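Given only the sequences and the hints, what does the whole structure look like? Please build it.
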Amino acid sequence: MQEKADLILVTHSHTDHCDPLKIKALSQDSTQIIAPTNCISKLEGSTITLKAGKEITIDDVTIRAVQAYNTKRFRAPGNPYHPKDLGVGYVIAVEGKIIYHAGDTDFIPEMRELSHIDVALLPSGDTYTMDNVEAAEAAIAINPKVAIPMHRWDTNPEEFKNRVEADSKVKVLLLREGDEHHME
1 MQEKADLILV
11 THSHTDHCDP
21 LKIKALSQDS
31 TQIIAPTNCI
41 SKLEGSTITL
51 KAGKEITIDD
61 VTIRAVQAYN
71 TKRFRAPGNP
81 YHPKDLGVGY
91 VIAVEGKIIY
101 HAGDTDFIPE
111 MRELSHIDVA
121 LLPSGDTYTM
131 DNVEAAEAAI
141 AINPKVAIPM
151 HRWDTNPEEF
161 KNRVEADSKV
171 KVLLLREGDE
181 HHME
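When the count follows my numbering, it moves up by one through the sequence shown with no breaks and lands on 184 for the last residue.
I should point out that these hints are in silico values taken from the structure, not numbers from a laboratory. As the structure is a prediction and not an experimental result, all values here were calculated from the model. For each residue, glycine too, the CB sits at the ideal point set by N, CA and C. Be aware that a few hints might be false.
Unchecked claim - Here are the computed lysine-lysine pairs in the DSS-like style, where the Cα-Cα straight-line distance is at most 27 Å:
| hint | residue 1 | residue 2 |
| --- | --- | --- |
| 1 | Lys4 | Lys97 |
| 2 | Lys72 | Lys84 |
| 3 | Lys24 | Lys4 |
| 4 | Lys4 | Lys22 |
| 5 | Lys145 | Lys97 |
| 6 | Lys72 | Lys54 |
| 7 | Lys24 | Lys72 |
| 8 | Lys51 | Lys72 |
As the list claims (entries may be wrong) - So the derived label-pair ranges between C-beta atoms look like this:
| hint | residue 1 | residue 2 | range |
| --- | --- | --- | --- |
| 9 | Asn79 | Met183 | 35 to 43 Å |
| 10 | Ile40 | Asp167 | 37 to 45 Å |
| 11 | Asn143 | Thr15 | 30 to 38 Å |
| 12 | Ser30 | Pro77 | 40 to 48 Å |
Written out as structure tokens, the structure is:
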């Protein structure tokens, strides 16, 4: 039987991030869902909306929504896949650790303002988000203890790992589906 979630964070309304059936399958009556406003019409249950810059604490978990958007990747000229204010990333403080989930984004100036990140989850799949080179630049700028590439599609995560570890003290973890990382 699949474990149920206490808390679900949704970054934006695209179906690969806001799938009502998958969210429902992971939810229980007490599950809190946090999502941008554009996801509300898709979701059932207790949903809290957060805009970039806003923060909420649920039990002992503090969640701050941060900007996530494209500056380089467009459907058509002037029409980014992820325009500013469509979605968010999250900075999550829990059990004395800080986790940054970037959401679907390019390497944006706001990332340079992040500090004291223990784990950074950075998209590196290219078409809709940063590629390995940009994600490595972001990881080096953010300087987390650990960086984990995600939303990788068919890219080679070793390229990300080699770039980050060659130019910083950041440790890169390459996880496969189903793998877990337990923070020390």
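Structure versus earlier hints, numbers of those that do not hold, lowest first: 7
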